[in-house]
Amino acid sequence: MAGSEVKVLGTWASPFALRVHIALGIKSVKYEWVEENLEAKSQLLLESNPINKQVPVLIHHHKPICESLAILQYIDEAWPSAPSILPSDPHHRAVARFWAAYIDHKLFTWLKGVASAEGAEGKKVALDQVREGLVVVEAAFWKCSKGRDFFSGAGIGYLDIVLGCFLGWLYVAEKRNDVKLLDEEKMPGLAAWAIKFCQHGAVKDVMPDKDELLDYANMVFQAMPKLNGQCPS
Amino acid sequence: MAGNGDGVTLLGYWASPYALRVKWALKIKEVQYEYMEEHLPDKSPMLLQYNPVHKKIPVLVHKGKPLAESLVIIEYIDEVWKHNPLLPQDPYHRAKARFWAKFADEKCVPAMFRAFSKVGEEQAQAAEELRENLKTLESALEGKQYFGGETIGFLDIAVGWIGCWARMNEEVAGVNMIDAEMIPLLSVWFQKFLELPIIKECLPPQDKLLEHTKEFHKMLMMATLT
Chain U
1 MAGSEVKVLG TWASPFALRV HIALGIKSVK YEWVEENLEA KSQLLLESNP
51 INKQVPVLIH HHKPICESLA ILQYIDEAWP SAPSILPSDP HHRAVARFWA
101 AYIDHKLFTW LKGVASAEGA EGKKVALDQV REGLVVVEAA FWKCSKGRDF
151 FSGAGIGYLD IVLGCFLGWL YVAEKRNDVK LLDEEKMPGL AAWAIKFCQH
201 GAVKDVMPDK DELLDYANMV FQAMPKLNGQ CPS
Chain F
1 MAGNGDGVTL LGYWASPYAL RVKWALKIKE VQYEYMEEHL PDKSPMLLQY
51 NPVHKKIPVL VHKGKPLAES LVIIEYIDEV WKHNPLLPQD PYHRAKARFW
101 AKFADEKCVP AMFRAFSKVG EEQAQAAEEL RENLKTLESA LEGKQYFGGE
151 TIGFLDIAVG WIGCWARMNE EVAGVNMIDA EMIPLLSVWF QKFLELPIIK
201 ECLPPQDKLL EHTKEFHKML MMATLT
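From first to last, the protein sequence lines are chains U and F. Just so we're aligned, residue 1 is where the first sequence starts under this note's numbering, counting upward by one. Just so we're aligned, residue 1 is where the second sequence starts under this note's numbering, counting upward by one.
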């Protein structure tokens, strides 16, 4: 069956699984998507990722690869024909990896912090932290893009995917808290980038509808108000 | 000024395991470099200029361009100096090495820090979590001499420092971290790895590190009392 040699275990709402969707799309790789129910994880998921039991998992030639950033680099290496996901120059690759670590360890942690923050003051502090993080990434955007459309230049690449997967959840945080996070005035580069990213061919058909994501988030957070971030990695 | 021309400069701190693993990578690759010691907690203007985002060491400066984050730096070193490769060639094994390095950094190291800095029940739980996570890490050895196979590689230098620091932390904090019965293969690997001349000669002086660890622990214990 076409594409059965490449399987992705993911959930539609997971930004980390979205990264894998987009990367495989860039490489025009056919794959089978397996939608996991995180309340009742499949045997395949538990066997493929026994350590963390999380999505996404990429299964290629029956071998599982876990952790979204490791998966992105695997996809770039296993399907080396253009377009590339990571830059070719070692320094630019290192800069991309540096910012990917910042986005995952700092920005995403702060975004999760918005959901778990308590009280008006707590929420404000958490939201301010996300904005500060975005301002830092805005500066990185100008340095990396050098005036072009994306972090990676003319086309989307590693950093675009690593950050872009969170756009839906940023929108959710904005709507649920009635604030602007990705502010066109403070972050004009990222604001323009976000629009182009969402319209990109490898993104627009796989990115979850942001209002569906909002409905889902409202439902989840209503059911479990003290949920401490629910995006699996 | 650091990094002029084609030179390599490493900004580090003598007691930092993150600077240490970059030193190991440079040593394995036989790269000549200038080492600049940061006198932490004071941070030099150079460090603040080269790593404005995190203001932390290690920072590698190559041809005037700085890079931060130790595992990012190690991959850069591996890509620029191609002999004695650190990461495996095969994409699947490279992905596994990256997965395990992340596991160690995110699951083993924080547990070790909590087991070192907490007391009572919190300490006991953290120590148990660390021992279990080290057991999980052991499975990545897959019966090989080193994580890299016959010779050391990326994952060995990414996690090997834990063996040295854990032994020190055990002595100072009075809690078991490396349980040789629970992790017989990893224990042997820690010992072998840390005895390799190329690895051992980069280690900070052990008596000085022990004193430093004791002082740090004292400071943490005083903070928990206030």
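Hints are computed from structural coordinates only; laboratory data are not their basis. Warning: the hint list may mix true and false statements.
Below, simulated BS3-like cross-link-like pairs (lysine-lysine); rule was C-alpha separation at most 30 Å, straight line [stated by the list, open to error]:
{"id": "1", "chain 1": "U", "residue 1": "Lys106", "chain 2": "F", "residue 2": "Lys102"}
{"id": "2", "chain 1": "U", "residue 1": "Lys180", "chain 2": "U", "residue 2": "Lys210"}
{"id": "3", "chain 1": "U", "residue 1": "Lys41", "chain 2": "F", "residue 2": "Lys102"}
{"id": "4", "chain 1": "F", "residue 1": "Lys118", "chain 2": "F", "residue 2": "Lys29"}
{"id": "5", "chain 1": "F", "residue 1": "Lys43", "chain 2": "F", "residue 2": "Lys102"}
{"id": "6", "chain 1": "F", "residue 1": "Lys56", "chain 2": "F", "residue 2": "Lys200"}
{"id": "7", "chain 1": "U", "residue 1": "Lys30", "chain 2": "F", "residue 2": "Lys102"}
{"id": "8", "chain 1": "F", "residue 1": "Lys43", "chain 2": "F", "residue 2": "Lys23"}
{"id": "9", "chain 1": "F", "residue 1": "Lys29", "chain 2": "U", "residue 2": "Lys180"}
{"id": "10", "chain 1": "F", "residue 1": "Lys192", "chain 2": "F", "residue 2": "Lys43"}
{"id": "11", "chain 1": "U", "residue 1": "Lys123", "chain 2": "F", "residue 2": "Lys192"}
{"id": "12", "chain 1": "U", "residue 1": "Lys123", "chain 2": "U", "residue 2": "Lys7"}
{"id": "13", "chain 1": "U", "residue 1": "Lys112", "chain 2": "F", "residue 2": "Lys82"}
{"id": "14", "chain 1": "U", "residue 1": "Lys143", "chain 2": "F", "residue 2": "Lys23"}
{"id": "15", "chain 1": "F", "residue 1": "Lys144", "chain 2": "F", "residue 2": "Lys200"}
{"id": "16", "chain 1": "F", "residue 1": "Lys82", "chain 2": "U", "residue 2": "Lys27"}
{"id": "17", "chain 1": "U", "residue 1": "Lys143", "chain 2": "U", "residue 2": "Lys63"}
{"id": "18", "chain 1": "U", "residue 1": "Lys123", "chain 2": "U", "residue 2": "Lys106"}
{"id": "19", "chain 1": "F", "residue 1": "Lys218", "chain 2": "F", "residue 2": "Lys55"}
{"id": "20", "chain 1": "U", "residue 1": "Lys146", "chain 2": "F", "residue 2": "Lys55"}
{"id": "21", "chain 1": "U", "residue 1": "Lys146", "chain 2": "F", "residue 2": "Lys56"}
{"id": "22", "chain 1": "F", "residue 1": "Lys102", "chain 2": "U", "residue 2": "Lys112"}
Here is how each hint holds up against the structure:
1. U/Lys106 with F/Lys102: Roughly 15 Å between the alpha carbons, so the hint for U/Lys106 and F/Lys102 holds.
2. U/Lys180 with U/Lys210: With a Cα-Cα distance of about 15 Å, the restraint between U/Lys180 and U/Lys210 holds, given a limit of 30 Å.
3. U/Lys41 with F/Lys102: holds (23 Å)
4. F/Lys118 with F/Lys29: violated (39 Å)
5. F/Lys43 with F/Lys102: holds (27 Å)
6. F/Lys56 with F/Lys200: holds (24 Å)
7. U/Lys30 with F/Lys102: holds (28 Å)
8. F/Lys43 with F/Lys23: Holds - the C-alpha atoms of F/Lys23 and F/Lys43 are around 20 Å apart, at most 30 Å.
9. F/Lys29 with U/Lys180: violated (48 Å)
10. F/Lys192 with F/Lys43: Distance of about 35 Å is beyond 30 Å: violated.
11. U/Lys123 with F/Lys192: violated (50 Å)
12. U/Lys123 with U/Lys7: Not OK: U/Lys123 and U/Lys7 at ~39 Å, beyond 30 Å, violated.
13. U/Lys112 with F/Lys82: Since the Cα atoms of U/Lys112 and F/Lys82 sit roughly 39 Å apart, the hinted pair is violated (cutoff 30 Å).
14. U/Lys143 with F/Lys23: OK: U/Lys143 and F/Lys23 at ~28 Å, within 30 Å.
15. F/Lys144 with F/Lys200: holds (21 Å)
16. F/Lys82 with U/Lys27: holds (27 Å)
17. U/Lys143 with U/Lys63: violated (37 Å)
18. U/Lys123 with U/Lys106: Within the cut-off at roughly 17 Å; holds.
19. F/Lys218 with F/Lys55: holds (25 Å)
20. U/Lys146 with F/Lys55: Answer holds: U/Lys146 to F/Lys55 is near 24 Å, not above 30 Å.
21. U/Lys146 with F/Lys56: Holds, at roughly 26 Å.
22. F/Lys102 with U/Lys112: Holds, because 20 Å separates the two Cα atoms, which is no more than 30 Å.
Taken one by one, the earlier hints fail for this structure at numbers 4, 9, 10, 11, 12, 13, 17, listed in ascending order.
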